[in-house]
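K.L.:
Sequence:
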Amino acid sequence: MPELPEVETIRRQIVHHVQRQTIVSAHVTRDRAVRAHACPDEFVQRVVGRTIYTVCRRGKALLLPLDDGNSLLVRLGMSGRLLVADPHDPVAPHTHVVLMLANGKELRYVDPRTFGQVAIVEGHDPCSMGELGHYGPEPLDDAFTPEMLQQVLAGKQASIQAVLMDQRAIAGIGKIYADEACFLAGISPLRSAASLTPEEVVRLHAAIRDVLTRSIEARGTSSQDAAYRDAHDNTGDFQHQLYVYQRAGLPCRVCGMPVEYRPFQGRRIHFCPHCQR
DNA sequence: AATGGGGCCTGAGAGC
DNA sequence: TGCTCTCAGGCCCCAT
Numbered sequence: 069m070p071e072l073p074e075v076e077t078i079r080r081q082i083v084h085h086v087q088r089q090t091i092v093s094a095h096v097t098r099d100r101a102v103r104a105h106a107c108p109d110e111f112v113q114r115v116v117g118r119t120i121y122t123v124c125r126r127g128k129a130l131l132l133p134l135d136d137g138n139s140l141l142v143r144l145g146m147s148g149r150l151l152v153a154d155p156h157d158p159v160a161p162h163t164h165v166v167l168m169l170a171n172g173k174e175l176r177y178v179d180p181r182t183f184g185q186v187a188i189v190e191g192h193d194p195c196s197m198g199e200l201g202h203y204g205p206e207p208l209d210d211a212f213t214p215e216m217l218q219q220v221l222a223g224k225q226a227s228i229q230a231v232l233m234d235q236r237a238i239a240g241i242g243k244i245y246a247d248e249a250c251f252l253a254g255i256s257p258l259r260s261a262a263s264l265t266p267e268e269v270v271r272l273h274a275a276i277r278d279v280l281t282r283s284i285e286a287r288g289t290s291s292q293d294a295a296y297r298d299a300h301d302n303t304g305d306f307q308h309q310l311y312v313y314q315r316a317g318l319p320c321r322v323c324g325m326p327v328e329y330r331p332f333q334g335r336r337i338h339f340c341p342h343c344q345r
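Sequential numbering of the first sequence, starting at 69, is according to my numbering.
Hints are computed from structural coordinates only; laboratory data are not their basis.
Remember, predicted model here, so these are calculated numbers, not experimental data.
Treat the hints with care, as some may be off.
Across the chosen pairs, the derived CB separations fall in these ranges [claimed, not checked]:
#1 Q218 with N171: 21 to 27 Å
#2 D99 with P319: 15 to 21 Å
#3 R321 with T281: 17 to 23 Å
#4 T265 with G137: 25 to 31 Å
#5 L208 with F332: 34 to 40 Å
#6 A170 with S260: 49 to 55 Å
All C-beta atoms in this analysis are idealised placements derived from N, C-alpha and C, irrespective of residue type, glycine included.
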């Protein structure tokens, strides 16, 4: 559920607390949270004593470059949270990793469903990092033009929804913003990516950037299931601006017809059959 | 190569 | 009330 706007919100909130801070100690209370490592001790040994330069984001991943040339990679999965807390603050259930910083703050990784993970990866450049290196363009970068989106969609027989959610095609979009961007563009998410006309590609490009930008301004979407919380444990506000996501059966905000919620290729998809063609 | 589908995982909510 | 079942979904892996 944390998609680009939620992860970017967390990045902006934690960067002031963690940049130029040294990690003085670390605790792992659930092995699975650091499963990329042979054992939790290995993770702890590699992270303690390191200084965090800053906090970057690539798609839905957070990347904290460290002073030894490695980076701390945080992937939130679907229920992961990253909290900045004081040591005496109550520890939330499912807190799996705690990093104590030189400034007295704690960076806490919390994840009930444990789909996310924390890991030390080599280098500072996401382009050189395994799967992050295969990520598609950042949709809010200036370099992401309608022409680039056209290239991403060209020749793909998969549905528009599937392509928008494919991190190798475009980085950072999940179910919420795939459904919403298709609605804003007036395009059915069931259509094949290659079927879009140039004019529809321009509309979809604008819709993607519009919905992501407005959601960041609202500090992300806290939907009903596994509700996202920001780094200060507050909910976002963008759920009040959604047109179709988690509005199944409710009247479309534009035409008044019920929003459809339909199984599709192993997922479910929200859309308005009247407004989206 | 591209695409689809299963499995991981836990909590909330529905149904009995 | 309390149990069981289903669903949610990012990401990885595997089959076609």
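K.L.:
Decide, hint by hint, whether the structure agrees.
P.N.:
Against the structure, the hints come out as follows:
In this structure the supplied range 21 to 27 Å is violated for Q218 paired with N171, their Cβ-Cβ distance being about 47 Å. Range check, D99 to P319: about 47 Å between beta-carbon atoms, so the 15 to 21 Å window is missed. Roughly 19 Å separates the CB atoms of R321 and T281, a value that falls within the hinted 17 to 23 Å. At about 47 Å, the beta-carbon gap between T265 and G137 misses the expected band of 25 to 31 Å.
Between L208 and F332 the beta carbon distance is about 27 Å. The supplied range of 34 to 40 Å is therefore violated. One distance hint, 49 to 55 Å for the beta-carbon pair A170 and S260, holds here, with the actual separation near 53 Å.
Figure legend: structure checked against the earlier numbered hints; hints not met, in rising order: 1, 2, 4, 5.
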